[in-house]
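Asker: The residues making up each chain are set out below.
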Amino acid sequence: MIFRAVEDTDLIRQASRGSVESYNLLVSRWEKRVYNYLLRVTGNREDALDLAQDVFLKAYQNLRKLDDPGRFAPWLYRIAHNEAYSLFRKRKPEVDAENVEPEATDTGIAVGGTSVFPIELSLAVASALERLSPDQREAVVLKIYQGFKFEEMADILSCPVSTVKSRLYSALQLLKAELAPISPRGVS
Amino acid sequence: MSCSPFDLRDYYLKELTDPQQRQMEAHIKDCPACREELDQLRLTQAALFSLRDEEIPQRIAFVSDPVFQPSRARRWWTAFWGSSGRLGFASAAMLSAALLFSALTRTASPAPVAGLSSAEIDRRIQQAVYSSEARQTAKTTQLVHDLAQRADSEHNLRLVAEDEARFAKEQQFAMEKSMGAVTNPASN
Chain A
1 MIFRAVEDTD LIRQASRGSV ESYNLLVSRW EKRVYNYLLR VTGNREDALD LAQDVFLKAY
61 QNLRKLDDPG RFAPWLYRIA HNEAYSLFRK RKPEVDAENV EPEATDTGIA VGGTSVFPIE
121 LSLAVASALE RLSPDQREAV VLKIYQGFKF EEMADILSCP VSTVKSRLYS ALQLLKAELA
181 PISPRGVS
Chain B
1001 MSCSPFDLRD YYLKELTDPQ QRQMEAHIKD CPACREELDQ LRLTQAALFS LRDEEIPQRI
1061 AFVSDPVFQP SRARRWWTAF WGSSGRLGFA SAAMLSAALL FSALTRTASP APVAGLSSAE
1121 IDRRIQQAVY SSEARQTAKT TQLVHDLAQR ADSEHNLRLV AEDEARFAKE QQFAMEKSMG
1181 AVTNPASN
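Residue numbers (the numbering used here), protein chains in the order written: chain A, 1 to 188; chain B, 1001 to 1188.
Mixed in with the good hints there might be a few duds.
In the DSSO-like style, the derived pairs of lysine-lysine whose C-alpha atoms are separated by at most 30 Å in a straight line are [as the list claims (entries may be wrong)]:
#1 Lys1029(B) <-> Lys149(A)
#2 Lys176(A) <-> Lys1139(B)
#3 Lys1014(B) <-> Lys1029(B)
What the hints contain is simulated information worked out from the structure, not anything from laboratory work.
Computed from a predicted model, the values in this text were never measured in an experiment.
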């Protein structure tokens, strides 16, 4: 574990009292994770960057509403989730946001330049993720890539834990079927 | 999966309590089907991890502009307490306000005593001043007199001392002279 001289909770308290420096430090700690979450949810780098900026702006403006600084991460991701789905609704207002498919993406192509895995596996994973429903994909991103607990995911997604588990396990089932034929090549 | 006491996926994702985790570990040791299922989950997760996080293409440039700060009142309050100059100015302003308030609300000086005209008051004040001056003059005269007396007595003492010294000297001279005549008669 990396020792941090100043904990996130301290930075949050200072930032909520108006310390811009503290908030900038907090942003620097979280921006990559939030950006990658948004990238995998939206499948578009430009959107992900724009949304990340909006997320941190909204978080700053509402920081005093965060009662428990220890719950900063789920709170921040909930803002990110809402921003992403707000974008989906703007783009395709006639379609229910729950059923919106992300745009075509090259997420996997630029990744893996330094990866120890074969590029084909990265492409296959990106492709398999794209075939999931947005809800399933988001559940995978939050659990596998971001490491949230089920209860935190339920907070972020505003749904019961049972729904979270259902989405995640159906997604893992599909991914297992998609990736099983090729994953042994890339994974020892 | 139905053979395990808890959901194997919950176990794999570390969502069980510690006792439940231990119970599952014991079960998995003796259950080849669960071990195989667990391997599938591991392979799927490993394949997903082939998709690495991307670096954010542009650091989030954030909140050097005060407009992003929580609220105008909050910004003012923070800036106020952060500036010693403003704090000093505020202290001076408060002191001035207190003096002004005191001046405005202080009760008026007491009215002249009934029955005394202002001429009579002036006369009495003059009288008091004269008597005070007279006391001071008398005291000063007494002091000067005492000092002069003291100087005279010191002078007299000094004269007496000088006379005594001169007389003692003459006595001694006379004695030496008479003794010289006795012990050395041939010297004449």
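Asker: Look at each hint and say if it fits the structure.
Answerer: So, going through the hints one by one against the coordinates:
At roughly 26 Å between alpha-carbon atoms, Lys1029(B) and Lys149(A) fall within 30 Å of each other, so this suggested pair holds. About 117 Å separates the Cα atoms of Lys176(A) and Lys1139(B), which puts this hinted pair outside 30 Å; it is violated. Restraint check for Lys1014(B) and Lys1029(B): satisfied, since their Cα atoms lie roughly 17 Å apart, inside the 30 Å limit.
In the structure shown, a violation is registered for the earlier hint numbered 2 alone.
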